[in-house]
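Chain order of the listed sequences is A and B. Here the first sequence is numbered in the working numbering, starting from 1 and rising by one per residue. Here the second sequence is numbered in the working numbering, starting from 312 and rising by one per residue.
Do not rely on the hints blindly, as some may be mistaken.
[Unchecked claim] Calculated lysine-lysine pairs in the DSSO-like style (CA-CA distance at most 27 Å, straight line):
no.: 1; chain 1: B; residue 1: K626; chain 2: A; residue 2: K119
no.: 2; chain 1: B; residue 1: K712; chain 2: A; residue 2: K97
no.: 3; chain 1: B; residue 1: K582; chain 2: A; residue 2: K12
no.: 4; chain 1: A; residue 1: K87; chain 2: B; residue 2: K582
no.: 5; chain 1: B; residue 1: K712; chain 2: A; residue 2: K119
no.: 6; chain 1: A; residue 1: K228; chain 2: B; residue 2: K495
no.: 7; chain 1: A; residue 1: K87; chain 2: B; residue 2: K340
no.: 8; chain 1: B; residue 1: K626; chain 2: A; residue 2: K87
no.: 9; chain 1: B; residue 1: K582; chain 2: A; residue 2: K119
no.: 10; chain 1: B; residue 1: K653; chain 2: A; residue 2: K87
no.: 11; chain 1: B; residue 1: K582; chain 2: A; residue 2: K2
no.: 12; chain 1: B; residue 1: K454; chain 2: B; residue 2: K340
Hints were generated in silico from the structure; no laboratory data involved. None of these values were measured; they are calculated from a predicted model.
In case you want the letters, here they are:
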Amino acid sequence: MKHLLTLRETSKTDIDYLLDTAGTLREILERPVKKVPTLRGRAMITLFYENSTRTRTSFEMAAKIMSAEAINIAVSQSSVSKGESLKDSLLTLQALKADCIVMRHSSSGTPEFAAQILKHTSIINAGDGRHEHPTQGLLDMLTIRQTKGQLEDLEVAIVGDIAHSRVARSNIWGLTKMGAKVRLVGPRTLLPPDADRLPVQVYDNLAQGLDGVDVVNVLRLQTERMEKGLLPSLREYSRLFGISQQSLKLAQPDVMVLHPGPMNRGVEISADVADGKFGIHSAIEEQVTNGIAVRMAVLYALMGVSSDTEA
Amino acid sequence: MKTLLFGGRIVDPSQHIDRDADLLIEDGKISAILEPGTAIADAEQIDVTGKVVVPGLIDIHVHLREPGFEYKEDIESGTRAAAAGGFTRVCCMPNTNPAIDTAATVRFILERTEQVGVAHVHPIGAATRAMQGDQLTEMAELKSAGAIAISDDAFPLQSAETTRRAMEYCAMLNLPLLTHNEDKALTQKGAMNEGYTATLLGIPGMPRVAEDIAVARNIMLAKLTGCHLHLLHISTAGTVELLRRAKAEGIKVTGEACQHHWALTDEACMKFQTDAKMNPPLRTQEDCEAIKQGLQDGTIDCIVTDHAPHAEYEKEVEFDAAPFGILGLETSFPITYTTLVKTGVLTLSEAIAKMTSEPAKILSLPEGAGTLCPGAIADVAVLDLDTIWTIDRNTVQSKSKNTPFHGTEVQGRAVFTVVAGRVIRL
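Please model the entire structure based on the sequences and the hints provided.
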């Protein structure tokens with residue numbers, strides 16, 4: 001693998017490989033000394049044009065455990081404020097001999113753009129606009145697989161603001177490639193156009209959407225959606241699409257609940273569900289830990305091979 | 312001074328001519344269409360054997376970028392691009408800096424064309440001052456300085472009230488109003504067609520209905536005011552149908568289509584190709600077919616390019632940040648010939664009519680534009696219909712390179728043009 005830009009364009013073989021590798025590497029996280037020398041001498045630069053604590057920290061943790069150099073560039077420190085173009089910023093980081101750049105940007109397609117420009121540096125998409133967030137997709141799949149043993153034939157409902165969600169898109173492509181059945185559930189104002197042409201079932205009714213599902217992946221509701229007139233109120237959203245102990249009664253008894261975080265407790269997810277009360281399997285903390293393992297696997301896949309042996 | 316183009320096939324829809332004939336030009340005017348082989352001893356002889364001789368192509372929708380954006384294109388490079396594409400006459404949109412909203416700017420463009428232009432240029436005046444959609448421009452003065460139509464292209468009039476008043480003024484002055492049809496409340500920050508491809512890419516979409524609604528409104532206002540409404544760059548099946556119905560009802564409305572809107576779909580935006588980003592955006596195959604149908608049955612009157620140069624560095628950015636617009640002048644005839652004539656949608660004569668006599672009629676261009684009638688100004692394009700070649704963004708005459716047709720194999724091209732009797736070879 002040269003880059004990780006999307007799960008739509010990643011093969012099932014590569015996804016399998018990354019999940020298996022992550023499954024193996026995860027064991028390192030349970031050791032008292034969390035350090036292996038695998039990526040010594042390699043440099044990862046995180047280039048974040050959007051705020052993120054969780055994803056950036058997770059990448060940084062993954063790099064450091066693997067002994068790679070981790071350098072963080074946040075937008076406020078970068079040249080953007082000086083009017084430098086993204087192309088020039090990327091070329092500079094390549095000339096600084098970054099082995100890989102982990103990018104987050106509010107414009108869809110910027111990692112693809114970076115990969116087209118840079119010849120020597122690998123690009124990892126850490127979330128671009130509403131397009132994709134492939135490492136989130138991978139960590140969701142790893143988390144589900146750990147509990148359910150497999151992904152094939154599982155019924156997975158992705159609930160919430162699908163239209164604006166890069167997490168949803170990466171989940172759709174990753175899960176369907178691995179044989180899971182995906183449902184999209186949300187109000188019509190938050191479903192993307194032509195959603196029915198995606199390899200999914202589309203529901204605008206929560207009860208129908210959750211009926212018999214094995215996994216519920218709850219998306220964060222950005223409160224600005226309401227200000228833009230896409231929702232009447234958070235209260236009504238919560239009543240119609242909020243995941244609660246009550247609404248989960250329609251799902252399989254062993255249903256597991258995922259959330260990419262950060263959560264709006266009481267809006268898209270009830271506090272009881274988030275905290276795993278009433279025997280509900282909330283996998284939210286497992287997701288965070290698995291996120292490190294997945295990112296270790298991705299860094300290994302992109303930077304682990306000696307450059308002498310690269311084609 | 313006489314010039315004889317001999318050995319060619321003359322196609323002039325304005326006179327219903329399509330036959331082997333020689334063309335004699337004298338003192339910058341068309342002198343005669345002669346039987347093949349007629350000897351004119353004192354004329355410069357140009358052999359066009361195997362080529363097609365047509366009236367110089369006319370494009371009533373281009374952006375020459377001067378004044379203000381000369382780094383993208385200027386009148387010299389833009390008219391060179393025109394001539395390279397077989398165009399001898401273009402009409403330039405007013406979204407320059409300053410906008411073409413005063414007589415002084417109209418005169419500036421005409422003077423610059425005198426100095427450096429290799430094709431005729433007709434400025435189109437803005438409908439509102441600085442194209443702000445607010446106060447009307449002094450249209451009578453724009454007209455007397457040489458503006459041939461009024462438009463707020465690129466800044467579509469949102470207020471129905473302002474549109475109505477602009478139409479009343481245009482109707483009074485016998486000027487057509489050219490509208491870019493877009494309800495901005497529905498497109499907002501959209502950067503491509505709303506639909507499956509935009510959903511895949513996570514790009515905010517511009518729904519087709521945003522165009523249809525604006526078209527319907529503008530047609531109703533044209534009916535109310537009696538203004539000649541011309542619909543710019545038709546991109547949706549809905550617009551084609553609305554135009555067809557309006558024409559049947561006898562409303563004074565015409566329409567144009569650009570090569571990219573029938574030859575490409577929004578799938579050209581895959582991989583976030585900013586050279587496939589323009590407004591109105593590339594739509595779906597259904598829309599392409601409707602536009603071709605509209606061209607075939609005469610609903611759509613003419614073919615234009617919406618030639619919109621942008622510097623390479625402006626397009627080499629995030630898809631959201633890239634400006635709308637692509638080149639057109641140098642690919643228009645080859646794409647039209649390859650995708651409409653070779654496929655049987657239009658005959659060669661019908662296609663040439665939509666690039667010569669029809670646009671001349673729509674904007675009431677000066678007598679002699681778009682025809683090879685004896686006495687007309689000698690504007691001629693010589694076309695090669697046989698050469699198969701690959702469009703290359705690096706060999707264009709334009710200052711910019713933003714074409715989604717880079718790498719496309721096409722058939723047919725302009726060989727040279729004659730502008731007011733002067734042979735232009737590029």
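Hints, verified against the model:
no. : hint             : in the structure
1   : B:K626 to A:K119 : holds, 20 Å
2   : B:K712 to A:K97  : violated, 31 Å
3   : B:K582 to A:K12  : holds, 20 Å
4   : A:K87 to B:K582  : holds, 16 Å
5   : B:K712 to A:K119 : holds, 22 Å
6   : A:K228 to B:K495 : holds, 15 Å
7   : A:K87 to B:K340  : violated, 52 Å
8   : B:K626 to A:K87  : holds, 11 Å
9   : B:K582 to A:K119 : holds, 17 Å
10  : B:K653 to A:K87  : violated, 41 Å
11  : B:K582 to A:K2   : holds, 16 Å
12  : B:K454 to B:K340 : holds, 26 Å
Of the numbered hints given earlier, the model fails hints 2, 7 and 10; all others are met.
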